[in-house]
Structures are given as C-alpha cells and as structure tokens.
Amino acid sequence: MHALALLAAGVTVTGAIMVITRRVAVHAVLYLVVTLLALSVVLVLLGASFAAMLEVIIYAGAIMVLFVFVIMMLNLGQPDSQREKEWLHPRAWLGPGILATIVCTELLYCATPLSGPVRLPLPITVHDVGLSLFSRYVLMVELVSFLLLAGLVTAFHIGRHREGGH
Amino acid sequence: MTYPAILTIILTPVVLLGLATVLTWVERRLLGLWQDRHGPDRVGPGGMLQAVADGTKILFKQDWVPPFADRGVFVAAPAIGMMTVLLSFAAIPVTTRAGIAGDMNVGLLFILGMMGLGVYSVVLAGWSSNSKYALLGGMRAAAQMISYEVFMGLSLLGVVMMAGSFSLRDIVAAQAGLWFIVPQCLGFGVFMLAGIAETHRLPFDLPEGENELGAGFHTEYSGMKFGMFFISEYAGIVLVSCLVTTLYLGGWRGPWLPAGVWFALKTCCVVVFFILLRAGLPRPRYDQLMALGWKVLLPLSLFNVMATGTILMLRASL
Numbered sequence: 024m025h026a027l028a029l030l031a032a033g034v035t036v037t038g039a040i041m042v043i044t045r046r047v048a049v050h051a052v053l054y055l056v057v058t059l060l061a062l063s064v065v066l067v068l069l070g071a072s073f074a075a076m077l078e079v080i081i082y083a084g085a086i087m088v089l090f091v092f093v094i095m096m097l098n099l100g101q102p103d104s105q106r107e108k109e110w111l112h113p114r115a116w117l118g119p120g121i122l123a124t125i126v127c128t129e130l131l132y133c134a135t136p137l138s139g140p141v142r143l144p145l146p147i148t149v150h151d152v153g154l155s156l157f158s159r160y161v162l163m164v165e166l167v168s169f170l171l172l173a174g175l176v177t178a179f180h181i182g183r184h185r186e187g188g189h
Numbered sequence: 061m062t063y064p065a066i067l068t069i070i071l072t073p074v075v076l077l078g079l080a081t082v083l084t085w086v087e088r089r090l091l092g093l094w095q096d097r098h099g100p101d102r103v104g105p106g107g108m109l110q111a112v113a114d115g116t117k118i119l120f121k122q123d124w125v126p127p128f129a130d131r132g133v134f135v136a137a138p139a140i141g142m143m144t145v146l147l148s149f150a151a152i153p154v155t156t157r158a159g160i161a162g163d164m165n166v167g168l169l170f171i172l173g174m175m176g177l178g179v180y181s182v183v184l185a186g187w188s189s190n191s192k193y194a195l196l197g198g199m200r201a202a203a204q205m206i207s208y209e210v211f212m213g214l215s216l217l218g219v220v221m222m223a224g225s226f227s228l229r230d231i232v233a234a235q236a237g238l239w240f241i242v243p244q245c246l247g248f249g250v251f252m253l254a255g256i257a258e259t260h261r262l263p264f265d266l267p268e269g270e271n272e273l274g275a276g277f278h279t280e281y282s283g284m285k286f287g288m289f290f291i292s293e294y295a296g297i298v299l300v301s302c303l304v305t306t307l308y309l310g311g312w313r314g315p316w317l318p319a320g321v322w323f324a325l326k327t328c329c330v331v332v333f334f335i336l337l338r339a340g341l342p343r344p345r346y347d348q349l350m351a352l353g354w355k356v357l358l359p360l361s362l363f364n365v366m367a368t369g370t371i372l373m374l375r376a377s378l
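Residue numbers (our numbering), protein chains in the order written: chain U, 24 to 189; chain E, 61 to 378.
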C-alpha cells in the first residue's frame with residue numbers, strides 16, 4: 024500500500040509539473056485532470072474514499088470539463104502557444120523553484136523514518152463526514168453556501184438578457 | 061487478491077464488449093420490427109452474424125488520423141470513453157456474491173465520477189478533430205452532459221437517503237420489502253431522462269445530430285476508433301440499464317428464478333425500453349433539451365429530495 028501511495032504521489036507531482044510547462048492549453052488541462060485523479064488515488068489509500076470520489080466528480084468531472092469548454096470557445100492557436108513559450112524563461116523559475124525545494128525537503132523528511140513511525144489513519148466513512156459537516160463545522164458550511172449563493176446571483180445577473188438588448 | 065477475483069476482472073470487460081456488439085444487432089432488428097422494416101436479416105440465422113461482419117469490416121478499414129488533428133488527444137479520446145464506461149461496471153453487484161466491487165462503500169459515487177470523466181471522451185474528440193462540426197458537437201456534449209449529471213446525481217439522492225448507504229449492494233438489500241421505483245417514482249423518471257442524455261442516445265443525441273452537425277463530435281473518426289465510440293455508447297446503455305435495475309427495480313431480487321437470471325432479465329427489459337424510446341420519439345431542439353433540464357428536471361429532483369427527506373424524518377420521529 025505504501026508503494027502504491029508513493030507511485031500515485033509521484034504521478035501527481037509529475038502531472039503538476041507538466042501542467043505548468045505545457046504550451047497548448049488543452050494539454051495542460053488534461054495533465055491537471057491526471058494530477059487530480061492521482062490525488063484521489065492517494066486519498067483512497069489514506070482511507071478518505073468519500074473525499075476522493077468528490078475530487079473525481081467535482082474537480083475532474085465537472086470543473087475541468089468547464090475549463091476545456093471555455094478553451095474550446097476561445098479557439099486558441101499557434102500565436103498563443105508562442106506567447107506561452109516566451110513567458111516560460113529560466114528566470115521565472117527561480118522563486119517557485121526555491122519554494123518547491125523547501126516543500127520537497129520537508130516531504131522527504133516526513134517520508135523517512137527520521138520523523139517517527141507512520142500511523143495509518145482509520146478509514147473515514149460517509150457518515151463521519153456528514154456528521155462532522157453538520158455538527159462541528161456547520162458554521163463553515165453555512166458561510167460557504169452564502170458564498171456560493173452570491174456567486175450564483177452574480178452569474179445570473181451578468182448573464183441576464185436585458186430589455187433593449189445590450 | 062484471490063484467483064477468482066482476478067478472473068472476474070479479466071472476464072467482465074470481455075463479456076461486456078461482446079454484449080455491446082450483440083446489442084448493435086438486437087437494436088437494429090427491434091427497430092426494424094417496430095418501424096415495419098426488415099432490419100439486418102441476411103448474415104447468418106436471423107442476421108445474428110451481422111455484428112461480426114460489421115466488426116470485421118471496421119477492423120480492416122484504414123486507421124486514419126487527419127493531418128490537421130491534434131494526434132495524441134485524437135487517439136486518446138475514444139479510449140477514455142471506453143475505459144470510463146467499462147470501469148463503472150466494477151461497482152455493480154450482479155448477485156449477493158457476484159460482481160467485482162459491489163460492496164464498495166462509495167460505489168454509487170464511483171459510478172457518477174466515471175460518468176463525469178466520460179464527458180472528456182466526447183469533448184476531446186470534438187476539440188482535437190479541429191473541424192467545425194466536431195467542435196460544435198463537442199461543445200454541445202459538454203454542456204448537455206454536465207447539466208444532466210447534476211439532475212442524475214440529485215435524482216439518486218432519494219434512493220441513497222432511503223437506503224442510508226452509497227454501496228449498491230446495501231441499496232439492493234434495502235429494497236427487500238418494496239422496490240424503490242414505487243416510493244421514488246419521481247426520481248426514477250428524472251434518472252431515466254438523465255440516463256438517456258448522459259449516454260447521448262436518441263432522442264437526446266444532439267451532440268451527433270446528423271441533420272445539423274454531420275456526425276457531430278465523431279465526424280473525423282473512422283475505422284476502429286469510430287467503432288470504439290460506437291461500442292462504448294452501447295456499453296453505456298447497458299450500464300444505465302444495470303443502474304436502473306440495481307437502484308429502482310430491486311437488483312437481483314425476485315421469486316423462483318436464480319438471482320443472476322433476475323438481474324439479467326430486468327436489465328434486458330430496460331435495454332429494450334431504451335431502444336423503444338429511440339424507435340418512438342423524435343429528437344427535440346438543443347435549447348428545448350437544455351430548458352427541459354434546468355427548468356423542469358432540476359426543480360423536480362430538488363422537490364424529490366425535499367419530500368423524501370421530510371417523509372423519512374417524520375417516520376423516524378413517530
């Protein structure tokens with residue numbers, strides 16, 4: 024199981040790197056989908072299968088499809104790929120590179136026995152998630168739903184057909 | 061992992077692909093019957109070998125990738141569609157014991173997730189073909205399938221609330237007294253419509269409506285790549301029929317006959333109903349389809365969730 028988790032984590036990281044370096048927008052989005060799927064595998068192996076399925080349904084299955092949809096509407100072409108290429112010059116890599124190295128070192132430290140024995144978490148069932156969402160974190164849930172409602176109202180307002188047409 | 065489990069995993073896709081191939085012949089014969097035509101009746105007894113003949117022909121056709129297409133994505137698109145459909149079957153319990161992962165505690169969500177990923181097949185096929193009709197078909201498919209996924213998920217909530225579990229085997233077990241089609245008739249109706257839209261079958265096959273889009277998202281596909289779209293569509297019909305059987309028709313439950321036979325019988329009935337819908341109904345306009353979804357099915361499925369919740373709470377408090 025440990026090996027499977029490491030493999031999935033490796034795919035996640037590789038996918039994420041590919042997302043940044045691809046020049047064709049759709050290819051980048053596809054790598055992002057692969058990253059999300061690999062991440063959901065990690066979640067399953069950690070015992071959080073409900074969260075993993077939500078990751079697949081909502082992020083990979085809905086939000087990313089909308090990304091592809093928008094990119095299809097924009098009809099990007101060769102000039103856009105060229106511009107992407109110009110943005111990715113070596114100096115732009117410096118800052119993110121340093122930060123990523125710090126995180127990677129931390130991660131490696133956690134993965135080695137130096138940080139103490141690894142405790143496998145208990146599997147989390149849908150019941151557990153539901154109970155904690157609507158008891159302990161109910162305020163958060165309400166706040167998030169306010170935010171979503173606001174987003175919905177805004178989208179409706181922007182997309183509304185006005186009288187006299189503009 | 062035990063030896064029989066591995067055998068099941070290998071055999072399931074083989075059987076499913078065979079079923080989907082036979083289904084292409086069954087559909088054409090039934091359409092012929094209902095529309096007072098012959099249908100394919102020349103190859104083999106009753107035309108049964110027509111599917112084999114079609115398969116052979118399509119395998120020997122030139123496997124052509126248009127020079128203007130995005131090659132990698134163009135090749136991957138039909139494979140994605142096929143894989144997501146076949147993977148979904150893993151969570152379907154055929155009997156109390158048969159099936160690959162019928163006990164999975166998030167089985168229903170797994171299937172919804174795989175259906176969500178199936179959208180990529182159509183959308184990417186449309187985008188990578190780099191042609192107008194394919195692109196329009198792909199965009200229609202994206203909007204249609206994402207919308208109908210919402211109603212599909214919402215219509216299933218009632219079933220999940222009544223069974224108290226996302227595991228499909230638990231859901232069948234909860235239908236011991238009464239099939240869910242009776243208390244969840246509203247959810248059943250919404251699920252059927254969403255299922256047709258999700259598999260983009262006639263009458264909701266607007267992403268490939270040939271009267272306005274050529275062949276829609278698979279206009280540029282030929283040979284076995286087109287064959288894979290074709291077969292995964294039929295596998296999708298079998299999948300939705302299996303889901304209807306499991307969620308609303310009591311799965312393997314039934315008197316006298318063995319469990320597996322009941323499951324197969326019920327699934328066959330739903331498949332034939334799907335074909336009957338194709339034979340009987342005209343295709344709506346695209347905006348009508350979307351309006352039906354958001355203005356009728358969404359309120360209906362929300363009402364279903366509310367009513368089911370209220371009744372369950374009242375019953376619990378009594």
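Treat the hints as calculated values from the structure; they're not laboratory data. Watch out, some of these pointers could steer you wrong.
So the derived label-pair ranges between C-beta atoms look like this [what the hints assert, rightly or not]:
| hint | chain 1 | residue 1 | chain 2 | residue 2 | range |
| --- | --- | --- | --- | --- | --- |
| 1 | U | His25 | E | Ile69 | 30 to 38 Å |
| 2 | U | His25 | E | Val321 | 27 to 35 Å |
| 3 | E | Gly224 | U | Arg159 | 17 to 25 Å |
| 4 | E | Asp347 | U | Ser104 | 33 to 41 Å |
| 5 | U | His180 | E | Val321 | 29 to 37 Å |
| 6 | U | Ser104 | E | Val75 | 51 to 59 Å |
Calculated pairs, SDA-like style, for lysine to any residue (alpha carbon to alpha carbon, straight line, at most 20 Å) [stated by the list, open to error]:
| hint | chain 1 | residue 1 | chain 2 | residue 2 |
| --- | --- | --- | --- | --- |
| 7 | E | Lys192 | U | Leu97 |
| 8 | E | Lys192 | U | Met96 |
| 9 | U | Lys108 | U | Leu175 |
| 10 | E | Lys355 | U | Leu175 |
Every residue, glycine too, gets a C-beta built ideally from N, C-alpha and C.
Do the hints match the structure? See the list:
A hinted range of 30 to 38 Å is violated for the C-beta pair histidine 25 of chain U and isoleucine 69 of chain E, which are about 23 Å apart. The given range of 27 to 35 Å is broken by histidine 25 of chain U and valine 321 of chain E, whose C-beta atoms sit roughly 43 Å from each other. Taking 17 to 25 Å as the suggested C-beta distance range, the pair glycine 224 of chain E and arginine 159 of chain U conforms, at roughly 21 Å. Between aspartate 347 of chain E and serine 104 of chain U the CB atoms are about 34 Å apart, so this pair conforms to the stated range of 33 to 41 Å.
Remark: the range hint 29 to 37 Å for histidine 180 of chain U to valine 321 of chain E is contradicted by a beta-carbon distance near 56 Å. Distance hint check for serine 104 of chain U and valine 75 of chain E: the Cβ-Cβ separation is about 44 Å, which falls outside the suggested range of 51 to 59 Å. Between lysine 192 of chain E and leucine 97 of chain U, the direct Cα distance comes to roughly 14 Å. Compliance with the 20 Å bound is thereby established for this hinted pair. Proximity of lysine 192 of chain E to methionine 96 of chain U is assessed by CA-CA distance (about 12 Å); at most 20 Å being required, the pair is judged to hold.
About 36 Å separates the Cα atoms of lysine 108 of chain U and leucine 175 of chain U, which puts this hinted pair outside 20 Å; it is violated. Of the supplied pair hints, the one linking lysine 355 of chain E and leucine 175 of chain U holds, its CA atoms being roughly 16 Å apart against a limit of 20 Å.
The structure shown violates the earlier hints numbered 1, 2, 5, 6, 9.
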